[in-house]
Amino acid sequence: MIETRGLRKSFASRQGREKKKVEAVRGVDLDVAEGEIFGFLGPNGAGKTTTLRMLATLIEPDDGTATIAGADLRSDPGEVRRRIGYVAQGGSTWDDSTAREELVLQARLYGASKSDALARAARVLEGFQLSEYADRKCKTYSGGQRRRVDIALGIIHEPKVVFLDEPTTGLDPQSRAHMWDEIRRLRAEGMTVFITTHYLDEADALCDRISIMDNGEIVASGTPAGLKREISGDVVRVGLPVDAIPAAVQALSSYKIETYDDHVRLNVEDGAVAIPQILRALDAAGVPLGTVELHRPSLDDVFLTKTGRSLRES
Amino acid sequence: MKLLRDTSLIFNRQMQLLLRNPIWIFVGVFQPVMYLLLFAPLLKPALQVRTNAEAYEIFVPGLLVLLAIFGGLFQGFGLIAELRAGVIERSRVTPVSRVALLLGRSLRDVVSLIAQAIIITLLALVFDLRVFVPNLLLAYLMLALISLMTSAVSYGVALVVKSEDALAPLMNTVAQPVLLLSGILLPLTYAPGWLQGIADWNPFSWAVNGTRALFRGDLGAPDVWQGLLIMAVLAVVAVAWAAREFARSVR
Ligand SMILES: Nc1ncnc2c1ncn2[C@@H]1O[C@H](COP(=O)(O)OP(=O)(O)OP(=O)(O)O)[C@@H](O)[C@H]1O
Ligand SMILES: [Mg+2]
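Chains as they are written, first to last, in our numbering: chain Y, 1081 to 1394; chain H, 991 to 1241.
Check each hint, because a few of them may be wrong.
[Said to hold, decoys possible] The calculated label-pair distances, taken between Cβ atoms and stated as ranges, are:
id, chain 1, residue 1, chain 2, residue 2, range
1, H, Thr1163, Y, Gly1388, 47 to 55 Å
2, H, Phe1122, Y, Asp1196, 22 to 30 Å
3, Y, Thr1220, H, Trp1014, 21 to 29 Å
4, H, Asp1190, Y, Thr1220, 30 to 38 Å
5, H, Ala1156, Y, Arg1097, 12 to 20 Å
6, H, Gln1006, Y, Glu1083, 24 to 32 Å
7, H, Leu1127, Y, Thr1220, 56 to 64 Å
No lab work stands behind these hints: they were computed from the structure. Cβ atoms here follow ideal geometry from the backbone N, Cα and C, with glycine treated the same way.
Please work from the sequences and hints to get the whole structure.
So this is what it looks like as structure tokens:
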């Protein structure tokens, strides 16, 4: 549904007198399949928005090619525009308009007739649970309501692909959960959804596949589970009395094991399967048990392995 | 066809938002009325004319051109607010015509300027101004062209500089010499030769002369068609340039 090869963009930025070149995106290859929620995970300044703006025809790439919903970005941006929806990071509603007015105008800009536009507006207002506020000015909305209007604006013309730039940033946990449901609903309706986020849990829970971006480059791509599996399996940490450690090491000799003062760590493929076996082996060897903890790698561990930094810190 | 449709969509939305805040009518009319009441009476002796009507014949067209220029030049501020709100970016990802994004807005500015001009003309009638309706309509056409041009320029510049802080001094710097050198408030009839020489290079000076001729009832004066032609050409150039700025793919 989206295929990019070698997308690049740099900006000339001025710092005082000095002119500097910021390489915002340095050669991005992406393959997004039809009907999936694809996530772009990366810290601030990674180049997520710049990539999205290129794909949405707002800025021209310096180099590279892209096909979106079958239309070529370079040779036919007009057709790309007809097939996509785009929701900017900073929102796009006007304080003094109402949600319904904005939606009707947006539908009409995409070519809908007046009656069709009104019907579409009513439908998405219903779908996004906005009917109640539809005729109030946008400046009176809460952050979550306003964000829902933004997204409704992006999909009113039923595009094949919709780009959502940080759809949940600034929302409280409950509104975020709601937004995730909305996004899953879009997928259920057959849309391909491309979101950016810097939330690990969002990428993990919501996205079918993700690409991790850092410093203008994609450092890893895959399903969240696959990426985590790739870097390391699960870690089981078993707490033991000091004098029981040698016995434990012997009993668990078939595992990859590291010993510490008061515990051992085992690298296993799947912790849920391994824990009962470990416990049984220790029990059989008569090793007195302390505590057992399972640590599953997070996407942050993936980011850490690929970039040497933690996403939480950057 | 698509251009017409898109332009009317943008225009209608902009008009709707404008009418929602009718305060602008008050603001837009209050100042010119002050000029009419407080400044114009000084003119009769200064211009060495015999009647009030004659003074207004000279002053009112100048005032209207002034409003058209300034009204247009400061429209860019509204656009910067729209840029900041993301409204422009949202329009630019749709297939809407880029020319329509500009024209819809500029036409709103033209309409509001003409509304303002009509109110001022009506008030001036109270002060004994007399003008033929066909001439008046041509004068309004001149005003429409001026405001179309200046608002397009303002939008184009706003898209380039993207910040109020840069737009305000820029527009003031442009507007001031244009104003002084066009004989807008006082005709340059008594100006020294060198000043008139410079003013000949100021397109707005031609526009003012044309508008004054129309108010004077001198439809056949070359000033009229020359002024209209110059303004029409400049308006087309300004619209073409500003529409390109709307289309340009930069942040
Ligand atoms: N118009 C521009 N001019 C100059 N530099 C720019 C411009 N747009 C983006 N950049 C720079 O490009 C880099 C990538 O920015 P981008 O907005 O794509 O990051 P991002 O991943 O979306 O970050 P965030 O999570 O903060 O939204 C940044 O260093 C940014 O400063
Ligand atoms: Mg961003």
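Hints, verified against the model:
1. H:Thr1163 to Y:Gly1388: 47 to 55 Å: Given range 47 to 55 Å: holds, Cβ gap about 51 Å.
2. H:Phe1122 to Y:Asp1196: 22 to 30 Å: Once the Cβ atoms are compared, 48 Å apart, the range 22 to 30 Å for Asp1196 (chain Y) and Phe1122 (chain H) is violated.
3. Y:Thr1220 to H:Trp1014: 21 to 29 Å: Given a distance of about 22 Å, which is inside 21 to 29 Å, the answer is holds.
4. H:Asp1190 to Y:Thr1220: 30 to 38 Å: violated (54 Å)
5. H:Ala1156 to Y:Arg1097: 12 to 20 Å: holds (18 Å)
6. H:Gln1006 to Y:Glu1083: 24 to 32 Å: Violated: the Cβ-Cβ distance is about 41 Å, outside 24 to 32 Å.
7. H:Leu1127 to Y:Thr1220: 56 to 64 Å: 43 Å Cβ-Cβ, so the 56 to 64 Å window is violated.
This entry does not satisfy hints 2, 4, 6 and 7, going by the numbered hints stated previously.
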